[in-house]
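*Asks:* Sequence:
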Amino acid sequence: MNIMDLVQKQEIDRVLEMRPVPDFSPGDTVKVNLKIVEGTRERIQTFEGLCIARTNNGVSSSFTLRKVSYGEGVERIFPLYSPKITEITVVRYGKVRRAKLYYQRDLSGKSARITERTTGHGMAELRARRKKPGASSPAAS
20 MNIMDLVQKQ EIDRVLEMRP VPDFSPGDTV KVNLKIVEGT RERIQTFEGL CIARTNNGVS
80 SSFTLRKVSY GEGVERIFPL YSPKITEITV VRYGKVRRAK LYYQRDLSGK SARITERTTG
140 HGMAELRARR KKPGASSPAA S
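Just so you know, my numbering puts 21 at position 2 of the sequence shown, and the rest follows in order with no gaps.
Don't take each hint at face value.
Below, in silico cross-link-like pairs of lysine-lysine (DSSO-like), each with a Cα-Cα straight-line distance of 27 Å or less [claimed, not checked]:
| no. | residue 1 | residue 2 |
| --- | --- | --- |
| 1 | Lys86 | Lys119 |
| 2 | Lys114 | Lys86 |
| 3 | Lys119 | Lys103 |
| 4 | Lys103 | Lys50 |
| 5 | Lys28 | Lys114 |
| 6 | Lys50 | Lys28 |
| 7 | Lys119 | Lys129 |
| 8 | Lys86 | Lys28 |
In short, the hints are calculated from the structure, not lab data.
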């Protein structure tokens, strides 16, 4: 292991201490909270979209999210270990058979839908998060 690998591992560990990185892949709908600094003010901006690509390259890892806003397609590339990202949340797990979903750029409407993955890794946490604690069932009332 050379010195660059050690430095990259330390940087990744430092970011992972601040916030966990969820396990997601292309096809998943992801919500990213970014810290935006405007002059002296700070605010949190949310970007939610479909993950169409993921690049795993150590500390330089990144992912691309795509959403349609007011009829225009918007794509944004996020560095995975950026300190500007305050939170990454997986909203929905999608079932796809490709690593890069660039074909989504040409699709619109129903043809752009991706079916939801109901089994596999990450589904137990998503189901637990969706359940409301202490909620009574309609049959009980």
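*Asks:* Decide, hint by hint, whether the structure agrees.
*Replies:* Checked hints:
Pair hint Lys86 plus Lys119 holds up; C-alpha atoms about 15 Å apart against a cutoff of 27 Å. For the suggested pair Lys114 and Lys86, the alpha carbons sit about 17 Å apart, so the restraint of at most 27 Å is met. Between the alpha carbons of Lys119 and Lys103 the distance comes to roughly 25 Å, so the proposed pair stays at or under 27 Å and holds. Restraint check for Lys103 and Lys50: satisfied, since their Cα atoms lie roughly 14 Å apart, inside the 27 Å limit.
Among the hinted pairs, Lys28 with Lys114 is inconsistent with the structure: their alpha-carbon atoms are about 31 Å apart, more than 27 Å. With a C-alpha separation of about 25 Å, the suggested pair Lys50 and Lys28 falls inside the 27 Å cut-off, and the hint holds. Restraint check for Lys119 and Lys129: satisfied, since their Cα atoms lie roughly 20 Å apart, inside the 27 Å limit. A distance of roughly 32 Å separates the Cα atoms of Lys86 and Lys28; the hinted pair therefore is violated under the 27 Å criterion.
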